[in-house]
Amino acid sequence: MSASFGIKGLELDVSEEVERITRGLRLAVHQTLHRQGAVVGISGGIDSSVVLALCARALGPERVVGVMLPERDSSAESVSLAREIAAYCGVQTVCEDISAALEGAGCYRRRDEAIVRLFPDYGPGWQAKITLPGSLLSQETLNVFTLTVTSPDGREFSRRLPLREYYQIVAASNFKQRIRMTMLYYHAELRNYAVVGTANKDEHDLGFFVKHGDAGVDVNPIVHLYKMQVYQVAQYLGLPEAIRNRPPTTDTYSGGSTQEEFFFRVPFPILDVVWLGYEQGVPATEIANALALSPEQVERIIADIARKQHTTAYLRMHPIVIDSPSGQART
Amino acid sequence: MASPEELIRSYIAQNILFSNDGYPYADDASFLGENIIDSMNILELVMFVEETFGIAVLDQEVVPANFDSVSKLAAFVRRKLVVAA
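Respectively, the protein sequence lines represent chains A and B. In case it helps, our numbering puts the first sequence at residues 1 to 331. In case it helps, our numbering puts the second sequence at residues 1001 to 1085.
Be a bit skeptical, because a hint or two may be false.
A few chain A residues facing chain B, derived, Cβ under 8 Å [said to hold, decoys possible]:
| hint | residue |
| --- | --- |
| 1 | Tyr122 |
| 2 | Pro133 |
| 3 | Thr141 |
| 4 | Asn143 |
| 5 | Arg160 |
| 6 | Pro162 |
| 7 | His310 |
For lysine to aspartate or glutamate, the following DMTMM-like pairs were computed, each having C-alpha atoms within a straight-line distance of at most 25 Å [what the hints assert, rightly or not]:
| hint | chain 1 | residue 1 | chain 2 | residue 2 |
| --- | --- | --- | --- | --- |
| 8 | B | Lys1072 | B | Glu1034 |
| 9 | B | Lys1080 | A | Glu140 |
| 10 | A | Lys211 | B | Glu1044 |
| 11 | B | Lys1072 | A | Glu140 |
Covered by chain A, according to a simulated footprint, are these stretches of chain B (three or more residues, beta-carbon under 8 Å) [as the list claims (entries may be wrong)]:
| hint | segment |
| --- | --- |
| 12 | 1041 to 1050 |
| 13 | 1053 to 1063 |
Honestly, the hints are just simulated from the structure, not real lab data. For each residue, glycine too, the CB sits at the ideal point set by N, CA and C.
One chain only, chain A, in its complex shape:
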């Protein structure tokens, strides 16, 4: 392998990549799906902002709708940044507050029931978030989730999440992504448009998404891009700095966990370089040299990538078909 392995390996020819994706979007939406435009769920985050801008460039802003889908736990910043990016792209917006739909489905009640079993004082005015252990750079702990709640007067309490409560909190919270998906399809079908997804490679390949939720889309234009490459596209497209500089959040839990503490466990500039090296078969020592890390730290990150890919493989599977005489399933 070349001795020059490093972050430069992630550098795109951005102008060519943007041209390629916009061409692909036109083909996918108009020729393959036979739809007249695109609907994009926008959160004010970097990924949905880039996808909105790519759709506007590919299809014309008049054939793109940005849908904001806030709910009770969303940060106010999400809507204001979403409006900012839509205005920047010249795209029409729709704002659908999904809190009532979530209330009807029992999302908050079911989630809070599980939280109260662990923290009986938890109630209105409290915040909650789920996190993984600290950075993989400093320790080799396995992925066991912790629930942290914060009282209205700012006191913080944490407990390791037992399985029953973990499953219930996640299952209830996933209503958010699944209700968003149904609302996006409402707006798409209303206009004979396609739903365009916003997942990047880190989210998709490591399983940071909800099956039939945010993954329920017609086209995935940036799913092949590492997060650091999404930033390059954002810069090339000249997206507003407030959006490019915003730390990626889950925007799912009231306690406002970042994607790094909820799931990825290392900063993207490190994760993506290690992953690129891993995919290219670069020895851990060489990746470590490029990042001024120890080989052990790199090995830990690689092991975590492999575990997440394995653990979340079922999320990426199509429905299994059982039609052979032996009953052997096929995907």
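Mind docking chain B on chain A? Use the hints.
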């Protein structure tokens, strides 16, 4: 009384592998390295050893050195039982 190794093998075979042939791996086979269990199963194993052996597992103890094979987990359980005694 069954040994920790037997109880761990039996739990994984019945609840994680859904195997009709018991636990088909060596005791030192890496759970995660050989995809015998996945990350979500780790929490299941933590709860299993806490309930079965009456020990409390600290967050900082949930590391591959303690949880990545039948042998490692059984040794961890024995150490905890000695401390608790």
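Against the structure, the hints come out as follows:
For the restraint placing Tyr122/A at the interface with chain B, the shortest Cβ-Cβ distance is roughly 20 Å, beyond the 8 Å limit, so the hint is violated. A least Cβ separation of about 7 Å between Pro133/A and chain B falls short of the 8 Å threshold, and the interface hint therefore holds. Satisfaction of the interface hint for Thr141/A is found here, the shortest Cβ-Cβ separation to chain B being roughly 6 Å, below the 8 Å cut-off. The beta carbon of Asn143/A comes within 4 Å of a beta carbon in chain B, closer than 8 Å, and the hint placing it at the interface holds.
This hint holds: Arg160/A has a C-beta 6 Å from the nearest C-beta of chain B, less than the 8 Å allowed. Hint status for Pro162/A: holds, given a least beta-carbon distance of 6 Å to chain B, under 8 Å. Hint status for His310/A: holds, given a least beta-carbon distance of 5 Å to chain B, under 8 Å. With a C-alpha separation of about 15 Å, the suggested pair Lys1072/B and Glu1034/B falls inside the 25 Å cut-off, and the hint holds.
At roughly 20 Å between alpha-carbon atoms, Lys1080/B and Glu140/A fall within 25 Å of each other, so this suggested pair holds. In summary, the hint linking Lys211/A to Glu1044/B is supported, as the alpha carbons are separated by about 22 Å, within the 25 Å threshold. Of the pairs offered as hints, the one joining Lys1072/B and Glu140/A holds, with about 16 Å between alpha carbons and a cut-off of 25 Å not exceeded. For the segment 1041 to 1050 of chain B, the stated coverage by chain A is satisfied: 5 residues place a CB nearer than 8 Å to a CB of that chain, which reaches the threshold of 3.
With 4 residues bearing a CB less than 8 Å from a CB of chain A, the segment 1053 to 1063 of chain B meets the requirement of three and the coverage assertion stands.
The structure shown violates just one earlier hint, number 1.
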